[in-house]
Amino acid sequence: MLSSIICWIGILLQALILARGCQSKLLAKYPFFYAYGACVLILTVPAYFVYAANSNTYGFWYWGEQLVSLIAGYGILLEIFKHVLSPYPGAEKFARITGIMVFGAILCFALVFPLVRSHSSASVTMVEFERDLRTVQAIFVSGLLVVITYYGIEIGKNMKGMIFGYGLYIVTSLVSLAVRAYAGPSFTEVWRIIQPLSYDVSLMIWMMALWSYHPTPIPESRVRLEAEYEALAARTRGAMGGMRAELGRVARP
Amino acid sequence: MIQLILFSLIGALLVFALFFAMRRGPRTEGSSKALVGARQALNSLQAGLLPPELVERIFAPEDYEYVVSQAPKDVRDLFCAERKKVAIMWVDQVRQQIRSLMRFHLGSARFHAGLSLQTEIGLAVDFTGLLIACRALQVLLYLRGAYSAPRMVGATAATATRVCRISEESLAFLNAASIGGLDDRSAGAARLL
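From first to last, the protein sequence lines are chains A and B.
Here the first sequence stands for residues 1 to 253, where the numbers follow the numbering used here.
Here the second sequence stands for residues 1001 to 1193, where the numbers follow the numbering used here.
Just chain A, same shape as in the assembly:
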């Protein structure tokens, strides 16, 4: 009953975020984020009915859904690159190299994992698989945040909320999956509450942060340099005008 309520609250919040995104035209600003949201929503609604009809089938659906949403979640990381790091080529280079390395690690892990863990039961394997993928994601997001903090990069309200909500969800998923893998099926009931509940909390954060458009501030130095250039250009234009006038006076008979 409780898990159903949490699930429906999540669906409602997700739908609200998407509706608000359309209304405030944020959809065009953050397409990857909303694509992720739409993807999760599309998968969650039928998941509920699958669960109600047959809980055994739901297991397969759940893991498929988790895998797809995990991959779609990288859309949020793309938004971080696009909106937070792109004005800073140096910091972006740092983060990009880290990202490529982590992505390579994920790919290798995903290819090697089924071969290594073929002896485990399917459900344990999937729990550990998702936990490990979340770990990689957690390391990746931590790396990005370290770069952002180290270089003192300013983040707008929208992106702050997006990062905070997603980061919180990753942490909760990671820790709960680790406990689930350690404690075994006895933790499953608690885990079924914690996992969607943490996602609902993230949805609330996203709802508040993405209510209206708050762009990431443009680097001040660039504004200043441009302003300085504008001032210099204005002075030069003025000087040229003065010289033209002088020349005109000299040239006049």
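It is possible that part of the hints are untrue.
[To be verified] Have a look at the derived ranges for each label pair, beta carbon to beta carbon: (1) Gln23(A) x Val1139(B): 55 to 63 Å; (2) Phe60(A) x Ala1124(B): 24 to 32 Å; (3) Ala28(A) x Leu1006(B): 39 to 47 Å; (4) Arg20(A) x Thr1128(B): 42 to 50 Å; (5) Leu1009(B) x Ala105(A): 15 to 23 Å; (6) Ile100(A) x Arg1023(B): 24 to 32 Å; (7) Met1001(B) x His214(A): 40 to 48 Å; (8) Leu1009(B) x Val68(A): 34 to 42 Å; (9) Ser212(A) x Met1001(B): 40 to 48 Å; (10) Gly1145(B) x Leu78(A): 35 to 43 Å.
[Said to hold, decoys possible] Sample of chain A residues with no beta-carbon within 10 Å of chain B, all distances over it, derived: (11) Ala38; (12) Thr57; (13) Tyr150.
Bear in mind the hints are in silico, worked out from the structure with no lab data behind them.
Glycine is no exception: its CB is placed at the ideal position from the N, C-alpha and C atoms.
Assemble chain B onto chain A, guided by the hints.
Frame of chain A, contents of chain B only:
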């Protein structure tokens, strides 16, 4: 159990990263004002704080030996207390100027697509090491007086000089000639206006 602790630690790492990323303020370095500030910090370090004569003078054991041999206990204590204050202030100034250089460097480096990862990591290690060394030195000077860690003083001053040299290279484009040239051009343009 070890696995559980390991994954929890990774979770904690992300929580800390989130916390620091959300709470810290923006860095606005990279503008002309910051460039001049960094140049001043560099000058202050190279000309005012790090010259070997000054460092040797502040931490000179000869002064202490002279006072110990010639002056009564009250004067000796006063001398030690005053010298300790001067030494701590010197380290504090060095630390502040290094922080200023570090802020400028990070504020500027983030815009450069040609940034070198190796240099950045090397500088990060140098800056962090220096700041930690300065703090440790302050604590040591506070606890044991100005003459407690001559080797550490020497090592800190040497590393700071090295960092200054690297920073100077990155600030090379802001030499007096180019600033003067810019100023002259601006003044010339202003006169024409």
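Consistency of the no-contact label for Tyr150(A), given chain B and a CB cut of 10 Å: violated (7 Å)
Return holds or violated for the Cβ distance of Ala28(A) and Leu1006(B) against the range 39 to 47 Å. holds (41 Å)
Between Ser212(A) and Met1001(B), does the C-beta distance stay in 40 to 48 Å? With Cβ atoms ~47 Å apart, the hint holds.
Please check whether Met1001(B) and His214(A) have a Cβ separation lying inside 40 to 48 Å. Given about 44 Å between the Cβ atoms, the range holds.
Falls inside 24 to 32 Å, the C-beta gap from Ile100(A) to Arg1023(B)? holds (29 Å)
Examine each Cβ of chain B, and state whether all of them lie more than 10 Å from the Cβ of Thr57(A). The claim stands: Thr57(A) keeps its Cβ more than 10 Å from every Cβ of chain B (closest is about 29 Å).
Can you let me know if the beta-carbon spacing of Leu1009(B) and Val68(A) is within 34 to 42 Å? Because 28 Å falls outside the window, the suggested range is violated.
C-beta pair Gly1145(B), Leu78(A): status relative to the range 35 to 43 Å that was hinted: violated (57 Å)
Is 42 to 50 Å right for how far apart the beta carbons of Arg20(A) and Thr1128(B) are? holds (43 Å)
Can you let me know if the beta-carbon spacing of Phe60(A) and Ala1124(B) is within 24 to 32 Å? violated (47 Å)
Non-interface claim for Ala38(A) versus chain B (Cβ beyond 10 Å): holds (25 Å)
A range of 15 to 23 Å was offered for this pair. Does it hold for the Cβ distance of Leu1009(B) and Ala105(A)? Between Leu1009(B) and Ala105(A), where Cβ atoms are some 18 Å apart, the hint holds.
Comparing the model with each earlier hint shows violations of hints 2, 8, 10 and 13; every other hint is respected.
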